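Engineer: Now for the letters of each chain:
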Amino acid sequence: MAMATPKLEVTNLSKSYAAKDGGNTTVLDNIDLQVPTGQFVCIVGASGCGKTTFVKMIDGLTSITSGRIEVDGKAVTEPGPERGFVFQNDSLFPWRTVRDNVLFGLEMQGKPRADSIRDSQEMIKLVGLAGYGDYYPHELSGGMRQRVNLARALAMDPDILMMDEPFAALDAQTREIMQRELLKIWEVRKKTVLFITHQIDEAVYLADRVLVFGARPGRIKADIPIDFARPRSLHLKRTPEFIELTDRIWNLIEEEVVRGMADETLTV
Amino acid sequence: MPPSASIMTSVGKDNAKSVKQSSLPNRTKRRAVYSILLGLILWELIGRFVVTDPILFAPLSKVLLALWKTLYTGEIWRNIYVSAVEFVIGFTLATVIGVLVGVLMATNRLVQDYLDPWVYFFYCSPLVALMPFYIMIFGVALASKVAIVFTVAVFPILLNTFVGIRSADPHLLEVGRSFNCSRRQTFVNILLPSALPFIVTGLQLGVGRGLTGVVVGELFASREGVGYMIATASQSFDTPVLLMGVLLFSIAGVLLMAIFKYVERRCAPWKQSQEAKGE
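First to last, the protein sequences are chains A and B.
Here my numbering is used: the first residue of the first sequence is -5, the next is one more, and so on.
Here my numbering is used: the first residue of the second sequence is 2, the next is one more, and so on.
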């Protein structure tokens, strides 16, 4: 398949830590990945397969042991405004209001505050929190806090948005609503998205493409295109095609989980 | 830019958890008032009927009468003023130095490693015992009192500043890195706000210790001040004035504590609601 320069290109990427016993623990082994502009990629896999390490490396938060990460052909060495990160939970600044949390990135870049406030207003509206600008995070529900979290990353207008299990702490209903609304935003703002989740149905519902990570060492075990037409409604989740696909992915992960459990029993 | 219309469905206003700072339940407040009144009545009764020797104890009414007399003649204002100046200068110095050194220790490994043992040593020591030494160096006037207030108040402030900066949430620090914060930006926008409630706690501890410093300093050697008033009253067996002095110090402590509680609520409103939620 001929592709224009991908938005994100990962070549031969590995990550290892010095282990306690003096050896090396390989967290990620030889990952290759190309993501075209605007693609929504979900990453699933058993715990400890290095998914979070992988996206943190792309954001520049974690150092690279070997290999290369390029965004628009430029090597990644540190965090940059063209990449935004939505953290798992409660990473809002409790002493800042919703507006000031959303403004954080722009403020750190030294943007004039008057312009930023206009942008933040728009962003707060976009995530459905109009009228909540002056609230503090502790005055909001978990779902609302995650909306602020998303708005804070979007305010920088990044090309690539990385999301590390952003809805993990939400209840099932709020989660479904947030999924639908994330898709609405993505369809308008055309970001390239890397989205980590444990929930396979969430991955299949959101993504153009699901990467299944294998563990010990972490690697891409399967790369599955998801071709359901967009815009997708929540009804999609009840169709047999959807359920069949989720099952297939679950089977891929199950082997890893079972193997991981066996390993743990052996070492214990 | 998209049209500025809301893309995510707006959440209804009523969805927000209203955590308006609810005042203490009325019943609790009422009981507190009853308790204070009962205590004062008990004081009066014990002074009148139980311990009737005027040297050993004085009922509340006599203490209030003594207060009225000194207020009337105006001699008490001078003493309050002198003690207040000693406290304010010593405490301000302790705050400035404590916060500065605390920040230095928390942000510089070398400074931390060298100062750490000393800070713990002094934090645990009953430093008011240094008073005779300070009198020798600084004399009986203002300087020795300022020195003792500073010495006893600075360590809790320093230690709490240090701990506050060190216990900044690593998740928030990671957010800072993700937004490419410089060292200075990280300090001003993440570390300092995280440490603020801890610093206020340090100031609260420092207030109690600092007041003790004033009392001990003035009792030990002085020519004026509320502590001096207590000392002279005890020499002339004037128990009502003596108890009045103690009462004045207590009131000062309660007022200062209330001020810092207010500051704490203002600078860390999220802490209050976490406590309220029992987290």
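Mixed in with the good hints, there may be bad ones.
Output of the computed footprint for chain B on chain A, the stretches with three or more beta carbons under 8 Å from beta carbons of chain B [claimed, not checked]:
1) 62 to 75
2) 83 to 94
3) 128 to 139
The set of hints was computed from the structure by calculation and includes no laboratory data.
Keep in mind the model is a prediction, meaning the values are calculated, not measured.
All C-beta atoms, glycine included, are put in the ideal place defined by N, C-alpha and C.
Engineer: Hints first: check each against the structure and report whether it holds.
Structural biologist: Evaluated hints:
| no. | hint | verdict |
| --- | --- | --- |
| 1 | 62 to 75 | holds (count 4) |
| 2 | 83 to 94 | holds (count 5) |
| 3 | 128 to 139 | holds (count 9) |
Of the numbered hints given earlier, the model fails none.
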